[in-house]
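S.K.: Letter by letter, the chains look like this.
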Amino acid sequence: MSTEIKIRENTEKRSYIVPTIDIFENENEFKLFADMPGVTKEGVDIVIANEELEIKGKIAETEEASNNFLVREFRMYDYYRKFTVGNNIDSNAVTAKIENGVLELTLPKREELKPRKIEISAE
Amino acid sequence: MFYTYDVLDDVLKMSDAFEKFFGDANVRRHYPYINMYEKDDKVIVKSAMPGMTVEDVSIELVNSSLIIKGDRKQIDVKNNAIRSERNFGCFNKSVRLPYDVDRNNVKAVLKEGILTIELVKSEAARPKKIEIK
Chain A
1426 MSTEIKIREN TEKRSYIVPT IDIFENENEF KLFADMPGVT KEGVDIVIAN
1476 EELEIKGKIA ETEEASNNFL VREFRMYDYY RKFTVGNNID SNAVTAKIEN
1526 GVLELTLPKR EELKPRKIEI SAE
Chain S
80 MFYTYDVLDD VLKMSDAFEK FFGDANVRRH YPYINMYEKD DKVIVKSAMP
130 GMTVEDVSIE LVNSSLIIKG DRKQIDVKNN AIRSERNFGC FNKSVRLPYD
180 VDRNNVKAVL KEGILTIELV KSEAARPKKI EIK
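As given, the protein sequences belong to chains A and S, one line each in that order. Per the numbering used here, the first sequence starts with residue 1426, numbered consecutively. Per the numbering used here, the second sequence starts with residue 80, numbered consecutively.
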């Protein structure tokens, strides 16, 4: 399962979960799937800036610390993950959807990077 | 009394010490991970199972165990994977309940990849105050 990280935000240190991710590539786009159980559409925050892709997921309901846990195998923290994507993504055409706790991101490549077939003109 | 020394005894002892030291980070756990806690007369079991729909999961109550079964299917993506960290396939997990529960009063909801099962303690498992005369 996902690992946890601690990030310092302003003055307080917060714990985040690093979601597990699959990335697929074809000639036109990248497709990214991230497992983020407990995150709704409103909680997702995706930023592409400075050649970096930042994924944040805010969990809809947090667990009370006062809960009397009998078994505790996972924690309900917010999600955070960052990738370096370079400048080969068309950031205006990025689409995202979240369903059953899985975020699906479609990141189209920039037009000039797509493979192009060069026609040989007959003389 | 005989005592046969086995080098593995020490290894096991050491791994127990490690587990104790690192707390829940090293606990042997099986997918899907669950949290279980009490709330008044209820026992609540939460399980994180991203990508699962209601049709993919089944829950059974057998004796005093809750059995969670499911199959996570991989969507057919015909592109080349450049990173794959997620796991797919069948799972089967049995969770032992600490109390007797009311079998006819179980609620289960699957929302945003989190399964929440609400069980009510049976009459016999609830604390009963005894009057002193």
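Hints may contain errors.
Calculated lysine to aspartate or glutamate pairs in the EDC-like style (CA-CA distance at most 20 Å, straight line) [stated by the list, open to error]:
no., chain 1, residue 1, chain 2, residue 2
1, S, 186, A, 1479
2, S, 186, A, 1488
3, S, 190, A, 1479
4, S, 92, A, 1479
5, S, 121, A, 1503
6, A, 1522, A, 1488
7, S, 190, A, 1486
8, S, 118, A, 1498
Listed below are several chain S residues computed to face chain A (Cβ distance under 7 Å; list not exhaustive) [stated by the list, open to error]:
no., residue
9, 114
10, 140
11, 148
12, 160
In short, the hints are calculated from the structure, not lab data. Glycine included, each C-beta is placed from N, C-alpha and C at the ideal position.
S.K.: The structure should be examined with respect to each hint, and the outcome stated for every one.
M.R.: Tested hints:
Of the supplied pair hints, the one linking residue 186 of chain S and residue 1479 of chain A is violated, its CA atoms being roughly 37 Å apart against a limit of 20 Å. A threshold of 20 Å between alpha carbons decides the hint, and for residue 186 of chain S with residue 1488 of chain A the separation of about 19 Å falls inside it, so the pair holds. Straight-line distance between C-alpha atoms of residue 190 of chain S and residue 1479 of chain A comes to about 25 Å, which puts the hinted pair past the 20 Å bound. Between residue 92 of chain S and residue 1479 of chain A, the direct Cα distance comes to roughly 43 Å. Violation of the 20 Å bound is thereby established for this hinted pair.
Restraint check for residue 121 of chain S and residue 1503 of chain A: not satisfied, since their Cα atoms lie roughly 26 Å apart, outside the 20 Å limit. The suggested pairing of residue 1522 of chain A with residue 1488 of chain A is violated, with an alpha-carbon distance near 25 Å, which exceeds 20 Å. Taking the CA atoms of residue 190 of chain S and residue 1486 of chain A, the gap is about 11 Å. The hint holds against a cut of 20 Å. Proposed proximity of residue 118 of chain S and residue 1498 of chain A is supported: the alpha carbons are some 18 Å apart, at most 20 Å.
Interface restraint check: residue 114 of chain S against chain A, minimum CB-CB distance 5 Å, threshold 7 Å, status holds. A hinted interface residue such as residue 140 of chain S counts as satisfied when its beta carbon comes closer than 7 Å to some beta carbon of chain A; here the least separation is about 17 Å, so the hint is violated. Taken as an interface hint, residue 148 of chain S does not check out: its beta carbon lies about 17 Å from the nearest beta carbon of chain A, beyond 7 Å. The beta carbon of residue 160 of chain S comes within 5 Å of a beta carbon in chain A, closer than 7 Å, and the hint placing it at the interface holds.
When each numbered hint is compared with the structure, violations occur for hints 1, 3, 4, 5, 6, 10, 11.
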